[in-house]
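Please model the entire structure based on the sequences and the hints provided.
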Amino acid sequence: MTEFNPMMLDRLMPMSLVTDATGNVIHVAPTLAKTRAEGFFEGRSIFDLFQFRRPNAVATVDDLLENADVPMRLAFSSPPQTDLRGTVSEGPGGGVVMNLSFGLSILDAIRTYGLHLTDFAATDPTMEMLYLIEAKSAAMEETHALNRRLQGARIAAEEQAFTDTLTGLKNRRALDHILTRYHATEVEFTLLGIDLDYFKSVNDTFGHAAGDHVLQVVARKLVSATGPDDTVARVGGDELMILLKGKTDTAQAKAFAIGVIKDLEEPIPFEGNTCLISASIGIAATNQFTPWSADCLLATVDSTLYISKNDGRGRATVYEHGMCRKMCSGRKDCVSLNLHKKRSGGRLEARSV
Amino acid sequence: MHGLVNKSIQCFVRDTYGPEVWGKVAVCANVEHEGFEPMLTYEDQVTHDLLHAAQTALHKPMDVLLEDLGTYLVSHENVERLRRLLRFGGASFTDFLHSLEDLPERAKLAVPELDLPAMELRSLGDGQFKLVCSAEQSGFAHVMVGLLRTLADDYGALALLEYAGGADGREEVDIHVLDSGFSSGRTFSLAGEVEA
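For the record, the sequence lines run as chains X and G. Under my numbering, the residues of the first sequence are numbered 1 to 353, in order. Under my numbering, the residues of the second sequence are numbered 354 to 549, in order.
Calculated directly from the structure, the hints in this document are not laboratory data. Think of the CB as a built atom: it goes at the ideal place given N, C-alpha and C, for glycine as much as any other residue.
Between beta-carbon pairs, the in silico distance windows are:
hint, chain 1, residue 1, chain 2, residue 2, range
1, X, 166, G, 473, 57 to 65 Å
2, G, 387, X, 172, 23 to 31 Å
3, G, 529, X, 108, 38 to 46 Å
4, G, 490, X, 122, 33 to 41 Å
5, X, 133, G, 383, 34 to 42 Å
6, G, 397, X, 122, 36 to 44 Å
7, X, 79, G, 394, 45 to 53 Å
8, X, 73, G, 522, 47 to 55 Å
9, G, 393, X, 251, 53 to 61 Å
10, X, 36, G, 394, 45 to 53 Å
Right, dumping it as structure tokens:
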């Protein structure tokens with residue numbers, strides 16, 4: 001067997017040192033040597049060179065060897081006071097062999113001491129760790145960037161969405177787009193404004209789940225009652241609209257509306273309960289206005305709908321010329337006009353016969 | 354194919370030939386102008402279409418295009434990170450060549466979904482090597498030729514690289530390292546400082 005030669009450690013453990021029996025350094029391996037000025041370690045006591053934190057009351061080589069199975073934590077006494085991990089073993093001539101590593105301070109250490117690939121033993125997984133830290137950081141950055149983009153896209157998509165998520169019907173935004181398009185391309189149609197009656201009491205009595213279910217059932221019924229060219233939109237909590245494309249016969253539309261109301265009045269079972277609703281409908285056609293505008297139609301339909309509502313619910317009202325002069329100036333005026341008339345005992349002009 | 358691959362091709366076209374050319378390639382390949390998300394996976398056909406669109410737009414034979422892509426990957430400042438990660442493979446160009454066999458595993462450590470072709474390095478002695486790449490889609494070895502040629506410079510090594518053909522999902526690259534310390538090369542600092 002070859003005699004122990006401290007040089008053997010240089011390649012195997014480039015962060016090691018060897019002391020004599022008094023704890024004075026007799027050999028320092030190349031990477032550890034690189035952390036201080038040349039010749040810094042030789043001949044000096046390891047108890048001066050390092051502050052031992054665990055085990056913490058060590059002053060002699062024997063103290064160290066007694067605690068050899070304790071994971072050693074220490075730091076350089078002189079700046080930069082890099083944290084180190086260590087293990088010791090009995091060395092030649094009653095001294096110790098101490099192997100050190102940077103542990104978690106590795107990133108700082110590499111920067112501080114300008115370490116290279118070749119400063120680590122080929123068996124040392126430090127390189128793999130550094131590679132992983134760098135590769136994972138890059139991958140994480142990309143993932144965060146992707147998350148940010150997806151989040152942005154989700155918000156944008158929600159803002160641009162044309163679909164009401166509960167019912168799958170078109171939403172208000174979609175309806176506005178369709179109205180704008182039909183106006184630009186001179187498409188004629190009849191618009192029906194629908195307000196569900198007794199919906200609030202369904203919500204209050206059986207809860208929101210029942211309300212949601214009723215809305216979904218209503219949506220299915222309206223879609224099956226209309227044709228592929230027609231539009232059904234949910235424009236508010238319990239407010240819906242149907243746009244009958246290419247049809248301007250309001251008498252037919254009223255018959256259609258009455259059919260819809262009958263259909264919606266069918267009891268809707270939900271978890272052992274029966275939900276009963278009805279609908280008030282207001283109707284106006286594009287050819288009733290020259291020229292028509294989306295605002296005007298929406299306001300008119302809204303007003304005729306409120307007439308149906310005020311007139312006892314569960315009915316449909318078709319707009320007639322002269323029904324309400326202020327209609328086009330906005331729904332509020334219109335409704336207040338009608339309510340005023342009703343309160344004052346007068347017959348509602350808007351009432352359909 | 355992994356989004357990182359598609360994104361690399363996208364960045365190569367954009368950084369080398371400008372955003373207008375990328376715009377044309379994107380239209381031809383039927384991909385959105387914003388391009389690819391590096392952390393998502395796409396159908397292989399997308400990569401195929403993308404490369405053919407680039408080939409048409411740049412009027413280059415496919416092998417030249419792929420070699421240029423390999424060069425770009427380890428030389429352009431926008432993808433400096435990749436060069437750094439590759440340089441972790443070894444302290445010399447020869448060490449690096451031997452690390453190529455680990456490359457698919459290394460890549461998987463960072464991005465588990467990334468499947469790189471398997472590579473085998475045969476040492477023929479006297480600085481001569483044969484790199485055997487196994488990939489379902491051909492062309493990977495051309496990328497490796499461009500990448501290795503540029504990394505040889507990066508390490509300061511003088512090396513000859515040549516595509517040595519291939520068939521049945523296997524492609525070969527002949528490598529001859531003439532002088533591993535030919536020049537000082539580019540620095541590689543573990544700590545990641547910017548080069549002086």
